[in-house]
Amino acid sequence: MPGESSTPGESREIAVDYLARVEGEGAMYLKLDGDRVEEVQFNIFEPPRFYEALLRGRRFD
Amino acid sequence: MTAAPDSRPTLAVWKFASCDGCQLTLLDCEDELLTIAGAINIAYFPEATRAESPGPYDLSIVEGSVTTPHDAERILEVRAMSRTLITIGACATAGGVQSLKNWANVDDFISIVYAEPSFIDTLATSTPIADHVEVDFELRGCPISKQQLIEVIDAFLSGRKPNTPTHSVCVECKLRGTPCIMVSHGTPCMGPITQSGCGALCPAYNRGCYGCFWPSDSPNIESLRDTWHGLGIDDEQLVRALRTFNAYAPEFKEASDRYAG
Ligand code: SF4
Ligand code: SF4
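Heads up: the protein sequence lines correspond to chains U and V, in order. Here the first sequence is numbered in this note's numbering, starting from 6 and rising by one per residue. Here the second sequence is numbered in this note's numbering, starting from 1225 and rising by one per residue.
Extracted from the complex, chain U is given alone in its bound form (with noise of 0.2 angstroms):
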């Protein structure tokens, strides 16, 4: 985390269930050991909707 210090061989795991903000949902597992990051996780559980899909023949006006 920013403005954090870390102890090096010091482990710790940031698990965030909920990433409102990236364009749907997503969660996100990080594990540290110190400043090297062991393991990154990224869920995104937001429903396909594919648009790119849709979008194929329709004009942009």
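Treat the hints as calculated values from the structure; they're not laboratory data. Keep in mind that the hints are not guaranteed to be accurate.
What the hints assert, rightly or not - Partner residues are not named here, just some residues of chain U that face chain V (Cβ under 7 angstroms, in silico):
id	residue
1	23
2	53
3	58
Stated by the list, open to error - Computed spacing ranges between beta-carbons, pair by pair:
id	chain 1	residue 1	chain 2	residue 2	range
4	U	46	V	1327	30 to 40 angstroms
5	V	1228	U	48	35 to 45 angstroms
6	U	49	V	1354	19 to 29 angstroms
7	U	49	V	1297	17 to 27 angstroms
8	V	1297	U	20	15 to 25 angstroms
9	U	20	V	1300	24 to 34 angstroms
10	V	1340	U	40	24 to 34 angstroms
11	U	19	V	1441	50 to 60 angstroms
12	V	1348	U	62	12 to 22 angstroms
Unchecked claim - Far from chain U by the CB rule (all over 10 angstroms, computed), these chain V residues:
id	residue
13	1230
14	1241
15	1259
16	1262
17	1328
18	1350
19	1378
20	1399
21	1425
22	1428
23	1449
Predicted, not measured: the structure shown is a model, and the values here were computed from it. Even glycine gets a Cβ: it sits at the ideal position worked out from N, Cα and C.
Take the given structure of chain U and dock chain V with the ligands to it, following the hints.
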């Protein structure tokens, strides 16, 4: 001194397949937000706050459509813990733009959009909340109107029916003093078959209405079709217009299926 128990009704705001725009309308009520928060206890609203109180809730506001097996289960749970359930926006009330996939093969869509199709778990359809559970009131629009949302919450708090007219956008053009853009400069407009609520926003900026507020009461789509043909708009373009924000609204769906032949 102990605090008096909170007698305000509790509010929960839920999201299904949607863009968040409708629930953000609640946060956009800047001038009225404190008054609303004074009258109602915001108990669950992840878009606004991480603090949450457990249900049941007096009022649930639901945004978004049902497009995944998980959401088809989740809406049942939401209904079970809500005394009153109101759906907001074209996604929740009509299936939204994403209901266009109801006319297509969803497996093709998955491989077009996603590099790793096996990660995607989706139903073949996008359907409105009312197809799954009983809904107490449906507020239309893509997105909804702030004034109408306040009206619906106010009506809930005072135990009356919300006053949201079902007449066409044309009525609001007249109220606003906008000369008809279809008559005066031949711009195709869906206003005659679209429900009011937006204040006739698009025609006021010389753009035809796109039908984002759901079909108006008893829309005469056949007559609109004749007028559009007169403006040189063919059935293919009309079908696209009908299949946009409220493609799965019964009147628009039935007409678009008929004209698509
Ligand atoms: S501009 Fe569109 S909504 Fe307005 S009066 Fe004309 S047809 Fe109706
Ligand atoms: S004029 Fe039509 S498309 Fe524009 S905001 Fe109103 S209902 Fe939606």
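Now the hints, each set against the structure:
1. Evaluation of the residue 23 (chain U) hint against chain V yields a held restraint, the C-beta minimum of about 5 angstroms falling below 7 angstroms.
2. At its closest, the beta carbon of residue 53 (chain U) sits 6 angstroms from a beta carbon of chain V; the interface hint therefore holds under the 7 angstroms criterion.
3. Look at residue 58 (chain U): its Cβ gets to within about 4 angstroms of chain V, closer than 7 angstroms, so that hint holds up.
4. Checked against the hint of 30 to 40 angstroms, the C-beta distance between residue 46 (chain U) and residue 1327 (chain V) comes to roughly 35 angstroms, which is consistent with it.
5. Against the hinted window of 35 to 45 angstroms, the Cβ-Cβ separation of residue 1228 (chain V) and residue 48 (chain U) comes to about 41 angstroms, which satisfies the hint.
6. Between residue 49 (chain U) and residue 1354 (chain V) the C-beta distance comes to about 27 angstroms, which sits within the given range of 19 to 29 angstroms.
7. Between residue 49 (chain U) and residue 1297 (chain V) the beta carbon distance is about 19 angstroms. The supplied range of 17 to 27 angstroms therefore holds.
8. Taken as a hint, the range 15 to 25 angstroms holds for the pair residue 1297 (chain V) and residue 20 (chain U), whose Cβ atoms sit roughly 24 angstroms apart.
9. Against the hinted window of 24 to 34 angstroms, the Cβ-Cβ separation of residue 20 (chain U) and residue 1300 (chain V) comes to about 27 angstroms, which satisfies the hint.
10. Taking 24 to 34 angstroms as the suggested C-beta distance range, the pair residue 1340 (chain V) and residue 40 (chain U) conforms, at roughly 31 angstroms.
11. Between residue 19 (chain U) and residue 1441 (chain V) the Cβ separation comes to about 52 angstroms, which falls inside the hinted range of 50 to 60 angstroms.
12. The supplied range of 12 to 22 angstroms is met by residue 1348 (chain V) and residue 62 (chain U), whose beta-carbon atoms lie about 20 angstroms from each other.
13. Look at residue 1230 (chain V): its CB is around 24 angstroms from the nearest CB on chain U, clear of 10 angstroms, so calling it non-interface holds up.
14. With a closest Cβ-Cβ approach of about 4 angstroms to chain U, residue 1241 (chain V) is found to fall inside the 10 angstroms limit, against its non-interface label.
15. The beta carbon of residue 1259 (chain V) sits about 24 angstroms from the closest Cβ of chain U, which is more than 10 angstroms, so the claim that it is off the interface holds.
16. For residue 1262 (chain V), the shortest C-beta to C-beta distance to chain U comes to about 24 angstroms, beyond the 10 angstroms cut-off, and the non-interface label holds.
17. In this structure residue 1328 (chain V) is not separated from chain U by more than 10 angstroms, as the shortest Cβ-Cβ distance comes to only about 7 angstroms.
18. The beta carbon of residue 1350 (chain V) sits about 8 angstroms from the closest Cβ of chain U, which is not more than 10 angstroms, so the claim that it is off the interface is violated.
19. The beta carbon of residue 1378 (chain V) sits about 26 angstroms from the closest Cβ of chain U, which is more than 10 angstroms, so the claim that it is off the interface holds.
20. Remark: the non-interface label on residue 1399 (chain V) is consistent with the geometry, its nearest Cβ contact in chain U lying 28 angstroms away (cut-off 10 angstroms).
21. At roughly 17 angstroms, the least C-beta separation between residue 1425 (chain V) and chain U is larger than 10 angstroms, which holds for a residue marked as non-interface.
22. Its beta-carbon lying about 18 angstroms from the closest one in chain U, residue 1428 (chain V) satisfies the requirement of being farther than 10 angstroms from that chain.
23. Remark: the non-interface label on residue 1449 (chain V) is consistent with the geometry, its nearest Cβ contact in chain U lying 19 angstroms away (cut-off 10 angstroms).
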